[in-house]
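In order, the protein sequence lines correspond to chains A and B.
Sequential numbering of the first sequence, starting at 60, is according to the working numbering.
Sequential numbering of the second sequence, starting at 32, is according to the working numbering.
Certain hints may be false.
[Said to hold, decoys possible] Derived DSS-like pairs: lysine-lysine, alpha-carbon spacing no greater than 30 Å straight-line:
1) Lys-112/A x Lys-246/B
2) Lys-77/B x Lys-112/A
3) Lys-112/A x Lys-85/B
[Stated by the list, open to error] Residues from chain A that face chain B, not an exhaustive set, calculated with beta carbons under 10 Å:
4) Ala-78
5) Arg-87
6) Arg-107
7) Leu-109
8) Asp-170
9) Asp-173
10) Thr-186
11) Ala-227
12) Leu-229
13) Pro-231
14) Ser-242
15) Thr-244
16) Ser-245
17) Glu-248
18) Arg-251
19) Pro-258
[As the list claims (entries may be wrong)] To list a few chain A residues with every Cβ distance to chain B over 10 Å, as calculated:
20) Ala-63
21) Thr-119
22) Asp-133
23) Gly-144
24) Arg-148
25) Asp-156
26) Pro-159
27) Gly-193
28) Asp-196
29) Glu-232
30) Arg-233
31) Ile-238
Keep in mind the hints are simulated off the structure, nothing from the lab.
It should be emphasised that the depicted structure is a prediction, and the values quoted were computed from it without experimental measurement.
No residue lacks a Cβ here, since even glycine has one placed at the ideal position from N, Cα and C.
What follows is the residue order along each chain.
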Amino acid sequence: MTDARDTVLGRIRAALALAPTPATVVPRRYRTGRVLPDGERLALFTDRLLDYKAEVRPCTADRTAQVVADVLRDHGARRIGVPAGLDPRWLDAYDGDVSPDAADIPAPRLDALDAVVTASAAGCAETGTIFLDGSPDQGRRALSLVPDLHLCVVDLSSVEAGVPEVLARLVPERPTTLISGPSATSDIELERVEGVHGPRTLVVVIRKDV
Amino acid sequence: MSTFLGMPARPPRSPYGTGNLRGDEPFPRAAHRELGNGQLRRNLGKATTTIRTKRLNVTGELPDWEALRDAGSAIKTDAMNRLPELLEQLERKVTEHGGTVHWARDGAEANEIVARLVKATGSSEVIKVKSMATQEIGLNEHLESVGITPYETDLAELIVQLAHDKPSHILVPAIHRNRDEIRQIFLDRIPGVDPELDNVPAHLAAAARAYLREKFMATKVAVSGANFGVAETGTLSVVESEGNGRMCLTLPDTLITVMGIEKVLPRYQDLEVFLQLLPRSSTGERMNPYTSLWTGVTPDDGPQDFHLVLLDNGRTAALADAVGRAALNCIRCSACLNVCPVYERTGGHAYGSTYPGPIGAVLTPQLAGMHAADDDPNSSLPYASSLCGACFDACPVKIDIPSLLVELRHQNTEQSGTTPEKLAMRAAAAVMKRPALYTGAQKAAGLGRLVAGRDRTISRLPPPFAGWSDSRDTEAPPRQTFRAWFASDEGRAALRAAADEHDGSHAEHDPGDGRHDPGDEGHDHSHGEGEKK
Numbered sequence: 060m061t062d063a064r065d066t067v068l069g070r071i072r073a074a075l076a077l078a079p080t081p082a083t084v085v086p087r088r089y090r091t092g093r094v095l096p097d098g099e100r101l102a103l104f105t106d107r108l109l110d111y112k113a114e115v116r117p118c119t120a121d122r123t124a125q126v127v128a129d130v131l132r133d134h135g136a137r138r139i140g141v142p143a144g145l146d147p148r149w150l151d152a153y154d155g156d157v158s159p160d161a162a163d164i165p166a167p168r169l170d171a172l173d174a175v176v177t178a179s180a181a182g183c184a185e186t187g188t189i190f191l192d193g194s195p196d197q198g199r200r201a202l203s204l205v206p207d208l209h210l211c212v213v214d215l216s217s218v219e220a221g222v223p224e225v226l227a228r229l230v231p232e233r234p235t236t237l238i239s240g241p242s243a244t245s246d247i248e249l250e251r252v253e254g255v256h257g258p259r260t261l262v263v264v265i266r267k268d269v
Numbered sequence: 032m033s034t035f036l037g038m039p040a041r042p043p044r045s046p047y048g049t050g051n052l053r054g055d056e057p058f059p060r061a062a063h064r065e066l067g068n069g070q071l072r073r074n075l076g077k078a079t080t081t082i083r084t085k086r087l088n089v090t091g092e093l094p095d096w097e098a099l100r101d102a103g104s105a106i107k108t109d110a111m112n113r114l115p116e117l118l119e120q121l122e123r124k125v126t127e128h129g130g131t132v133h134w135a136r137d138g139a140e141a142n143e144i145v146a147r148l149v150k151a152t153g154s155s156e157v158i159k160v161k162s163m164a165t166q167e168i169g170l171n172e173h174l175e176s177v178g179i180t181p182y183e184t185d186l187a188e189l190i191v192q193l194a195h196d197k198p199s200h201i202l203v204p205a206i207h208r209n210r211d212e213i214r215q216i217f218l219d220r221i222p223g224v225d226p227e228l229d230n231v232p233a234h235l236a237a238a239a240r241a242y243l244r245e246k247f248m249a250t251k252v253a254v255s256g257a258n259f260g261v262a263e264t265g266t267l268s269v270v271e272s273e274g275n276g277r278m279c280l281t282l283p284d285t286l287i288t289v290m291g292i293e294k295v296l297p298r299y300q301d302l303e304v305f306l307q308l309l310p311r312s313s314t315g316e317r318m319n320p321y322t323s324l325w326t327g328v329t330p331d332d333g334p335q336d337f338h339l340v341l342l343d344n345g346r347t348a349a350l351a352d353a354v355g356r357a358a359l360n361c362i363r364c365s366a367c368l369n370v371c372p373v374y375e376r377t378g379g380h381a382y383g384s385t386y387p388g389p390i391g392a393v394l395t396p397q398l399a400g401m402h403a404a405d406d407d408p409n410s411s412l413p414y415a416s417s418l419c420g421a422c423f424d425a426c427p428v429k430i431d432i433p434s435l436l437v438e439l440r441h442q443n444t445e446q447s448g449t450t451p452e453k454l455a456m457r458a459a460a461a462v463m464k465r466p467a468l469y470t471g472a473q474k475a476a477g478l479g480r481l482v483a484g485r486d487r488t489i490s491r492l493p494p495p496f497a498g499w500s501d502s503r504d505t506e507a508p509p510r511q512t513f514r515a516w517f518a519s520d521e522g523r524a525a526l527r528a529a530a531d532e533h534d535g536s537h538a539e540h541d542p543g544d545g546r547h548d549p550g551d552e553g554h555d556h557s558h559g560e561g562e563k564k
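Whenever a hint applies, use it, and build me the whole structure from the sequences.
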């Protein structure tokens, strides 16, 4: 008796033999390799993020710590989680509780945090999307998911114009999360509601000169 | 041992799929009942109108939308052509990254694999990400039958599950429910819910968040589907909005993903096409809130035990049809449902299958077969369309659904043997060959005026035409046939007058005047829905 694998592969080969089709060349006439000036990328990225009801805080690199502290204070976040590889200087102006993450911290303890602060791997201006790839300054996926406020620092130099340009920057094998605004649902009468299971508030700090 | 003489034998067509791929009654009967539900029609009309507008806004803003559709279509066709090698590559890559790959010939086998994997973990509960494949194979029912409780975590799927209802839309399965109905379902079925809960969607979503939060934190096993599986890298993808997908893909110890074999993409780069096509076609957003991409197991991040179940369940039967296989290119965006005048009025339940709407009408009969002789509900699905073509215009991978419907109608007619309809067609052909008989028959048809009522329509025809008049009103035949009018004094006079007029105005009607209605040549993707409302 043949196993399921051989059976399924055999059925596919038989089906393709029954109804052969000519080889296909994929036409890639869509836009790729776009380059936009910094100002345009910042404006586009910001516009898209605001459309998703994310909060946007543009700043210069030297103001990072102050802006991070301001955002956390404005939202009343007293206990925050951070990935182990986050630049500690970003928290210099913050006076609340900081818990560095570790793989053995169970999810319910992350649920007790008010906020999480991470860096990011890349961004896409046209769709307002942030990419996290599990690097040490972004942490494991659970960390940026469970707390209700996600403060994400994005360097403008890592923001590409469109989807093809930004995917080319990624390492496919890394666990990658694409984030476009706070979590949302349109399941009730197709009326959009921001905030379901993922963080209900997304704040994006865009560093214009990095 | 047998010896073949002459033509080599064609390999047998693969078995059809099992599961939730067949309704209990033919589409016209089910549709007739659903049409009587005014609440359903109001809910659907509102929802589909909203989403059509959103989709047109975000597809219209991309200057290369048509180029993306062309690429998406070609990538899927290429993937189907090379399916064996791509699946083997996917299997190899997932295995290299610490995952385990299983193969399932049909829904029953996939259900058994998942149940066995869950039992091996010792857990009696699973959390689920919304998945068409697991809905198709009836995984929840199977898990419950072996003592495992599945919790749907997508808001709409939760509503459907709590109400012991069936999904009615690919993207928003509870689209047939309005806020008042959902509030009542939550009040009745969610343990410990606030009795003061009102019908504001944000409050209903918050109630679901509170209910599911504890499940996400405590459940050790998750089951998901997959939107895409990349052969080149072994990367799988789930596209979602609420974050329930991220929860299920990240927090449990074990993740089991059930993926139809047609979901494989050749290259990682191909995602650049589908991550533009899918969200814009599906929810009408530039990008959906969350997309997760994962490759096997990542140490210290997410589930450390990952299983991929590759599902056939009738897909190879569809693949064996040179025309029909295009339906396998579907990326489950549901744009065709939202633009379909039939779906908008009948809703998803009338189709009887996990896959409703235009794509369901071509996919379901191919996955599960049409048994024409036995009054099979699936045989009625290819007729659940006016062939208006709006679905083709809206499809991000350019599946020519109207042509597929016509092909399936043809196959259904071929299979069904001698029917009253065929006999009638044969009789009509015999009459039309003889002018005297034809004239006589037309005169006889004029008698139809006698059976038409005051509204000049005939709502019930005698056999063998009863099948036609069951779902359509027929105009009463005119008093006079065209042939009779043409031969009359009145007809001759009218023709003479028309000829005179033509001679007099000839110079003004230069066909080469070059004037065109610019509307004739607009983007074809934005065409269709605007006229459909």
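Against the structure, test the hints numbered earlier, and report the numbers of the ones violated in rising order.
-> Violated hints (numbers, rising): 7, 9, 20, 27, 29, 30, 31; every other hint is consistent with the structure.
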